[in-house]
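*Asks:* Sequence:
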Amino acid sequence: MSSASLSEKHDHPGGVVRGMKRLSVILATLAVAACQPQPANNRSGQTDFAAKPHSAGSDPLAIFSMLESEAAPGDNIVYSPMSTTQAIGIVQLGARGETATQIEAVLGIREGEAGAKRLKGIREALVRDTQGATVRIANTLFLADDYRFEPAYLDVASRLFGAQADTLDFKSQPDQAVAIINGWADKATEGLVPQVVTSANLNREAAAYLANATFFEGGWQQTFRGGRDAPFLFGDGSECDFHLMEGKFSVPFAEVGGWRAVRLAYGPPKQTNSARFVLDVMMPTRRVANIPRLGAEAMAQIAAALSTAAPRNVLVEMPRFEADMRRNLIEPLRALGLSLPFDQARADLSGMSAPGSKRLYIEEAFQVAKLQVHEQGTTAAAVTVPVPVPVGVPPPFEGIQFTVDRPFVFAIRDLETDTVLFVGRIASPHQYSEPGQPE
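Position 154 (the sequence shown) corresponds to 154 in full-length UniProt numbering; numbering is contiguous.
The set of hints was computed from the structure by calculation and includes no laboratory data. Mixed in with the good hints, there may be bad ones.
To be verified - Simulated restraints on C-beta separations:
hint, residue 1, residue 2, range
1, Thr308, Glu150, 33 to 41 Å
2, Ala304, Ala354, 45 to 53 Å
3, Glu113, Ser238, 50 to 58 Å
4, Arg286, Gly392, 48 to 56 Å
5, Ala304, Asp129, 18 to 26 Å
Where is the CB? At the ideal position from N, CA and C, for every residue including glycine.
Use the sequences and the hints to build the structure in full.
*Replies:* Structural data, given as structure tokens:
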């Protein structure tokens, strides 16, 4: 079950802004992205969507597409693909066999140290030369004090994910565990996500909380100045006055397949010819409350059109707002074809566990995210936490399963003389008690 909210960052005289509503007119979808400058050879900024089948693979927006497809018209979606990839990468480090193969097929994260090294490279590249933006990515392992992890797994997680291990007592000291986990999240997101667990929803049977925090803060290259209160059409069809920031910018603009989009750059004001981090703002051409699903492929095509579009003079009016979402990602991941890590009987996370420890599976994998957009820029943060839990059964049997749970025929035979001593059919068996015990 997801939760989300939308509100203005500051109060305004236009009335109370309703929560749980989707930005549907001025702002349809926000995408913070790292981009490289490309030649401006699309002068008109107009193109059509290319017909292309959807597949997950390593598409970082595939989960967003699943969230979008199941969202109600009034729901916000605030989601970090980067945080999810890093968190599942920590899981993949301990995955083996078919489980590891499936994670790679669906999310593109390679098995073992190869995948971890690639994710380490992405983290290092994102925080290097950020042109004035702030990007922080932190990983940590909150381990149950009564579960034994494989030391090699913890060593590689520390070396390649920068994930230090913190041992907690989930069963006997849950309040302390909650305080430590939330304190870490609060610090890692600079207060944007101060709470990810509570005493009520802490899983006391968890072997660990494997956590990633991703934080972004950037100031606009071209600053919004002034603004006005104007009717905003919410996803449920209602309208309410909302404060719209205003800016007269020279920015890439594109019209693609019934959508209009602009690209707003973050960074020092004097670097207007290039930008690394940008905000793509996309909305339907028609002013409708229930906007159509955009999808990952269409969003990628809009991004490509913006990358090649020449800057245009654009009057941008956009809400000053904040929005958040909490969501268990297991169902969207299952819908994409990733099921084995969450299967009690089939999950193979044996690379995490010390010999003799109970098998693990991922019981939940939730993300808490928040976004703030205002005159000075944007702040966004997400915390993603897969939760491995011990399975109270032996490892899955490799072979043919033969369960006698229906009428059957038997024969007691001597293979040497080929003699049948007894034969029969059992359709109504009686419970057997050992001699001396009552039936």
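*Asks:* Hints first: check each against the structure and report whether it holds.
*Replies:* The hints, checked one at a time:
Between Thr308 and Glu150 the beta carbons are some 48 Å apart, a value that contradicts the proposed interval 33 to 41 Å. Distance hint check: the CB atoms of Ala304 and Ala354 are about 48 Å apart, consistent with the given range 45 to 53 Å. Taking the beta carbon of each, Glu113 and Ser238 are about 52 Å apart, inside 50 to 58 Å as hinted. Checked against the hint of 48 to 56 Å, the C-beta distance between Arg286 and Gly392 comes to roughly 54 Å, which is consistent with it.
The given range of 18 to 26 Å is respected by Ala304 and Asp129, whose C-beta atoms sit roughly 24 Å from each other.
Going through the hint list in order, the structure does not satisfy hint 1, though it satisfies all others.
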